[in-house]
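**Q** So the protein lines, in turn, are chains A and B. Quick note: the first sequence uses my numbering, first residue 2, plus one each step. Quick note: the second sequence uses my numbering, first residue 2, plus one each step.
What the hints contain is simulated information worked out from the structure, not anything from laboratory work. Just so we're clear, the structure is a prediction, and the values are computed from it rather than from any experiment. This list has only true hints and no planted wrong ones.
Which residues of chain B face chain A? A few of them, derived with a C-beta cut under 8 Å, are:
no., residue
1, 117
2, 161
3, 166
4, 192
5, 194
A virtual CB, placed ideally from N, CA and C, is assigned to each residue, including glycine.
There are 2 protein chains.
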Amino acid sequence: MERRELTARGKERRQQLMAYAAARFAEGGFHPTSVAEIVSGLGVGKGVFYWYFDSKDELFLEILKDAQQGLRRAQQHAIADEPDPMRRIELGIRASMQWFGENRHLANLFQFAATEERFAPALRRGQEIALADAVKHVKDGIVQGEIRDGEPEVLAHAMLGVINHLVRELIHVRGEDPGEVADAAVAFCLGGLS
Amino acid sequence: MERRELTARGKERRQQLMAYAAARFAEGGFHPTSVAEIVSGLGVGKGVFYWYFDSKDELFLEILKDAQQGLRRAQQHAIADEPDPMRRIELGIRASMQWFGENRHLANLFQFAATEERFAPALRRGQEIALADAVKHVKDGIVQGEIRDGEPEVLAHAMLGVINHLVRELIHVRGEDPGEVADAAVAFCLGGLS
DNA sequence: GGGGTTCTTGACCGTACGGTCAAGAAATTC
DNA sequence: GAATTTCTTGACCGTACGGTCAAGAACCCC
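Whole structure, please, built from the sequences with the hints as guidance.
**A** Set out below in structure tokens:
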């Protein structure tokens, strides 16, 4: 979609729309949250929405992309200076938990995106990247003999499953501390890998 | 909702509607799949739908309840005669994978249900039961010294996370064999617990 | 085969939604 | 300060949806 250039003011509006819409989507669901609801909640006219986005779907995809980028950036930043694969895995898990702790509502959006065909491909693209990162570390760990031999992709998927689920159930629903949940996730995953 | 008595023929129709709707919801999403689409796909009039269900929402909740019951029944049946907690956990995992292998599309419905406030409570009720089952086995395992000390609920959640994610990504998306995926899940979970 | 019940039809209704657009306000540029 | 571009308004449009209902078909029981 050909996106026109925006001024600084315009970029801010765009961010405002995305942030507010993300919160509403996470709380009430994508479909039940109407465009009218989003703009009226922000006190602006409907035209504003369609000035910045071509459609409601496009907005959702942009939110999704932003979120995935943010999460990945947090992970990369956390493990940047760590050479040991096991430690990298641990730091990655902790960074993910931390990030989700600060962006609780986005877990809901990822979850929803997986359930609709038109959003699933976009979600998958981001997940493939996260998976590839994890797989690399697992392979390194196998080479070093710290991880039992097994299909690295399956092991990596298992870790993602633990992280996703604990984020949802313990951090998002039960409001537990991301640091403590991360301790449990790290212990479980490292045990599961060895 | 006061449900009237149904004849054998009526019960069959009801099942037919639920099965077909579940398949469509899983494939296209709950909201994008209209009632008109469901009935026309079955070659019946719209009145049939509203004879058996009060609303689209109620249908979804019934599908959800049925699915959760089916899964739990499969798990209970699998572990019925096994006294050892570790083996019970293993058999429970295998039974879950097996069941999801035969009901792939339902994983999507569970996923979606979690994202909308009006369905989340119903989903949660079923999950609490599954969690309680798992917690019991984990506690038994701790008593027996086969599982490291830790919050049983967190460990149980971690297992559910592994199962859910591997079902989605490996069985549903990649079409892998439930038995093999179960092997990996069991290995990862038992490692994570010990 | 008549009378009652269960089930089916599909046109119809009200509404709420995503999206458009002509008109104009603000900001920016010269 | 006029011209131009960026942004905003909100009434409006077409449509598709969930749900209703009067009418009737199918089935069942005596």
